[in-house]
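Protein chains: 2
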Amino acid sequence: MAGDGLKLLGMWASPLALRIEWALKLKGIEYEYVDEDLNNKSERLLKYNPIHKKIPVLLHGDKPVPESLIILEYIDETWKENYPLLPEDPYERAMARFWAKYNDDKLCPALFGTFSKTGEEKVKAAKEAQETLKPLEELLKEKRFFGGQTIGYLDIAFGWMAIWLPLVEEILGVTFVDESTLPLLHAWCQEFPNIPLVKERLPPREKLVPKLKAFRESVVSSS
Amino acid sequence: MAGDGLKLLGMWASPLALRIEWALKLKGIEYEYVDEDLNNKSERLLKYNPIHKKIPVLLHGDKPVPESLIILEYIDETWKENYPLLPEDPYERAMARFWAKYNDDKLCPALFGTFSKTGEEKVKAAKEAQETLKPLEELLKEKRFFGGQTIGYLDIAFGWMAIWLPLVEEILGVTFVDESTLPLLHAWCQEFPNIPLVKERLPPREKLVPKLKAFRESVVSSS
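Top to bottom, those sequences are chains A and B.
Following our numbering from start to finish, the first sequence increments by one per residue and tops out at 223.
Following our numbering from start to finish, the second sequence increments by one per residue and tops out at 223.
In case anyone wonders, no lab produced these hints; they're calculated from the structure.
Yeah, the Cβ is synthetic: ideal placement off N, Cα and C, and Gly gets one too.
All the pointers check out, no bait thrown in.
A partial selection of chain B residues facing chain A, derived with a Cβ cut-off under 10 Å: (1) Ile51; (2) His60; (3) Lys63; (4) Val65; (5) Glu67; (6) Leu69; (7) Glu73; (8) Tyr74; (9) Ile75; (10) Asp76; (11) Lys80; (12) Pro90; (13) Met95; (14) Arg97; (15) Pro135.
Modelling step: build the complete structure from the supplied sequences, incorporating the hints.
This is the structure:
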């Protein structure tokens with residue numbers, strides 16, 4: 001389906017931009033992807049997201065929508081008929097929004113917070129971060145995906161974990177998603193990257209690992 | 001309209017809990033208000049918001065919905081017909097969500113951030129906080145309220161400013177919403193507390209001022 005000149009301002013290594021690509025692919029909406037250099041922000045990015053100056057931004061004609069979770073809702077409301085992302089029931093919708101916000105406000109900062117730590121501090125921070133994952137195991141009970149039998153809004157929101165987290169684990173030498181204590185989440189992390197539309201757009205490992213390692217070095221040395 | 005055993009866990013001085021009361025009153029939904037002692041959290045609060053242990057929580061039967069902006073969307077989606085809070089158009093909805101999130105993530109922390117400062121530091125923090133208010137002036141152009149001719153979701157999200165901010169200004173001796181530079185926002189701040197359903201449930205000034213002063217003293221002494 002034509003997306004009326006839909007353009008996504010993203011950055012190849014950004015899990016937040018990938019959320020939008022997954023959503024558009026699930027809906028079958030065509031879009032143009034524009035990679036932004038965040039070290040040298042374009043006039044375009046500054047014009048369309050003057051408040052936060054961040055990607056992702058979805059341009060629908062000349063209307064910019066910033067912030068990944070807000071973009072997901074915009075996509076879901078604009079193309080209602082194709083593959084609904086959020087559940088239909090208001091309470092289930094509220095819970096999906098609650099956990100997506102939990103991901104952005106608590107879980108992601110806790111997991112990436114371990115990145116600047118070394119030695120004993122790293123072990124302590126990793127344990128705290130593991131605690132933030134526990135509620136997710138509950139959410140997956142009797143379900144294949146967070147969305148149920150198929151992926152939805154919450155799988156998209158949590159998707160970064162299945163792709164970035166194994167690399168973070170490898171670089172830090174820490175296991176966050178332990179198969180014995182979080183078996184359902186572990187299984188989901190195995191399955192999500194193998195979904196065809198996710199698989200076809202994974203950031204290349206050979207570029208992502210050095211980028212994450214360089215990020216790790218920069219945050220360790222400045223903390 | 002009966003709210004099916006709707007119960008709001010709040011705290012009398014919380015602007016976030018008031019958001020929910022305004023929304024329910026606009027919709028004409030009956031509810032029971034339960035005041036929580038946040039210094040001695042009830043079993044009820046810990047049971048219904050085990051993740052954040054914070055108010056507000058809306059209990060719909062035995063289903064808890066936490067977090068004020070998520071509750072507002074839940075109320076709007078559950079009682080769709082009475083007084084819609086969010087605009088109908090998907091782009092306007094996205095913008096309303098964007099600015100409500102801006103309020104919670106940027107504006108409110110910047111304004112309350114001045115509270116722990118004194119002397120030159122306070123002046124500097126206040127100037128930075130004033131900058132965060134400027135985009136709101138744009139939003140009010142050719143409008144009476146953020147929602148248009150009547151109040152809506154975004155007026156509810158920003159509502160705290162019209163009630164708490166004048167008291168914060170008084171206690172700090174700082175003007176945030178200056179009539180000459182932010183005339184539309186200043187006029188909105190005058191009008192919002194006079195809307196009957198807002199006026200009838202204002203937190204009592206004689207209780208709120210000492211509470212804010214005590215808070216100011218505690219954050220100044222610990223910073």
